[in-house]
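Asks: Each chain, written out:
2 protein chains.
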Amino acid sequence: MDAPTAFTSDQESRAHDAQHHSLRLWLRLLSCTTHIEDHVRQRLRHKFGTSLPRFDLLAQLERHPKGITMGELSRRLMVSGGNVTALVDQLQAEAAVQRHHAPDDRRSIRVTLTPAGRRQFARMAREHEEWVMELFDQVEPERLRQLFELLGELKHSVRQRAGVLDQE
Amino acid sequence: MDAPTAFTSDQESRAHDAQHHSLRLWLRLLSCTTHIEDHVRQRLRHKFGTSLPRFDLLAQLERHPKGITMGELSRRLMVSGGNVTALVDQLQAEAAVQRHHAPDDRRSIRVTLTPAGRRQFARMAREHEEWVMELFDQVEPERLRQLFELLGELKHSVRQRAGVLDQE
Numbered sequence: 001m002d003a004p005t006a007f008t009s010d011q012e013s014r015a016h017d018a019q020h021h022s023l024r025l026w027l028r029l030l031s032c033t034t035h036i037e038d039h040v041r042q043r044l045r046h047k048f049g050t051s052l053p054r055f056d057l058l059a060q061l062e063r064h065p066k067g068i069t070m071g072e073l074s075r076r077l078m079v080s081g082g083n084v085t086a087l088v089d090q091l092q093a094e095a096a097v098q099r100h101h102a103p104d105d106r107r108s109i110r111v112t113l114t115p116a117g118r119r120q121f122a123r124m125a126r127e128h129e130e131w132v133m134e135l136f137d138q139v140e141p142e143r144l145r146q147l148f149e150l151l152g153e154l155k156h157s158v159r160q161r162a163g164v165l166d167q168e
Numbered sequence: 001m002d003a004p005t006a007f008t009s010d011q012e013s014r015a016h017d018a019q020h021h022s023l024r025l026w027l028r029l030l031s032c033t034t035h036i037e038d039h040v041r042q043r044l045r046h047k048f049g050t051s052l053p054r055f056d057l058l059a060q061l062e063r064h065p066k067g068i069t070m071g072e073l074s075r076r077l078m079v080s081g082g083n084v085t086a087l088v089d090q091l092q093a094e095a096a097v098q099r100h101h102a103p104d105d106r107r108s109i110r111v112t113l114t115p116a117g118r119r120q121f122a123r124m125a126r127e128h129e130e131w132v133m134e135l136f137d138q139v140e141p142e143r144l145r146q147l148f149e150l151l152g153e154l155k156h157s158v159r160q161r162a163g164v165l166d167q168e
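Top to bottom, those sequences are chains Y and P.
FYI, this note's numbering numbers position 43 of the first sequence as 43, with every residue one higher than the one before it.
FYI, this note's numbering numbers position 14 of the second sequence as 14, with every residue one higher than the one before it.
Just so you know, the hints here were simulated from the structure itself, not pulled from any lab data.
Zero decoy hints are in this set.
A few chain P residues that don't get close to chain Y, going by computed Cβ distances all over 10 Å:
#: 1; residue: Phe48
#: 2; residue: Pro65
#: 3; residue: Gly67
#: 4; residue: Thr69
#: 5; residue: Ser80
#: 6; residue: Thr85
#: 7; residue: Gln92
#: 8; residue: Ser108
#: 9; residue: Thr112
#: 10; residue: Thr114
#: 11; residue: Gln120
Not the full set, but computed from the structure, chain P residues with beta-carbon under 10 Å of chain Y:
#: 12; residue: Arg24
#: 13; residue: Gln138
#: 14; residue: Val139
#: 15; residue: Arg143
#: 16; residue: Gln146
Computed footprint of chain Y on chain P; a stretch qualifies when at least three of its residues, placed anywhere within it, have a C-beta under 8 Å from a C-beta of chain Y:
#: 17; segment: 26-35
#: 18; segment: 155-162
C-beta atoms are modelled at their ideal positions from N, C-alpha and C, and glycine is treated no differently.
Start from the sequences and build out the full structure, keeping to the hints where you can.
Replies: Laid out in structure tokens, this is it:
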């Protein structure tokens, strides 16, 4: 089966025929991500009145029941420390998260979900997973598995090369 | 070759073992995109003192020598009309782009690159392509080709399903 190529109204539309295959691949990767993110953002807003950054932050907290530092949150979400602070302030005011000191280090502040925050996130996460499954369900499972593996190789290359290039 | 799975400090770190394969695929796709974008953003800033949105806007204009409307720019870049206006204002002040009326429709304003803007973009685009090639060069060309094809299938599914779901 040939890959569909007839989409012209997004980032991929900027690829010229003569451009290197890697660049075309990057633009296609970018347009896939943007379409999925747009769809998820829209559904989160309509269904739960919430934003993608809030959802992503709750997802990280759910993954760390013992809490996570602000610096680690910033690094994992790849957003600035100031933005993380603003999000945590908001969610704390809504009693979805709490800040507390680590038992072994009084200076280190960690953030955790409250029980209410955990329930709230669980409802959103179930729906979010359904949305993603729906978006991908026109592709055969074996092809999705191959895609997962190939993206692993790409990620490995990017991390290696970006690390090397950053040191130049 | 097994896909590398040992990265734990980004969006993919939020995947649970029990989660549906589609969700894990989405988180891996998202983390690939974020790593590449971060790298490109950093290099654009260091090498050319410019931002990713500015580069993306110039790329769209380069693709449309006859000009493109503000609405079309907003749609193609997937950013709000206000943001596009601000970017075009900036670039016009720097004489990299110009606004003018379409010959066949006096009310329709189109944006084009100036000759200086075109030269400026060409320098950045050459480097940008090199950066992306470097990032991907640890993956065999045949594997990159397969990835391009599979992402085409994924994009097709996402566009179809997102369209259907938006109408619900």
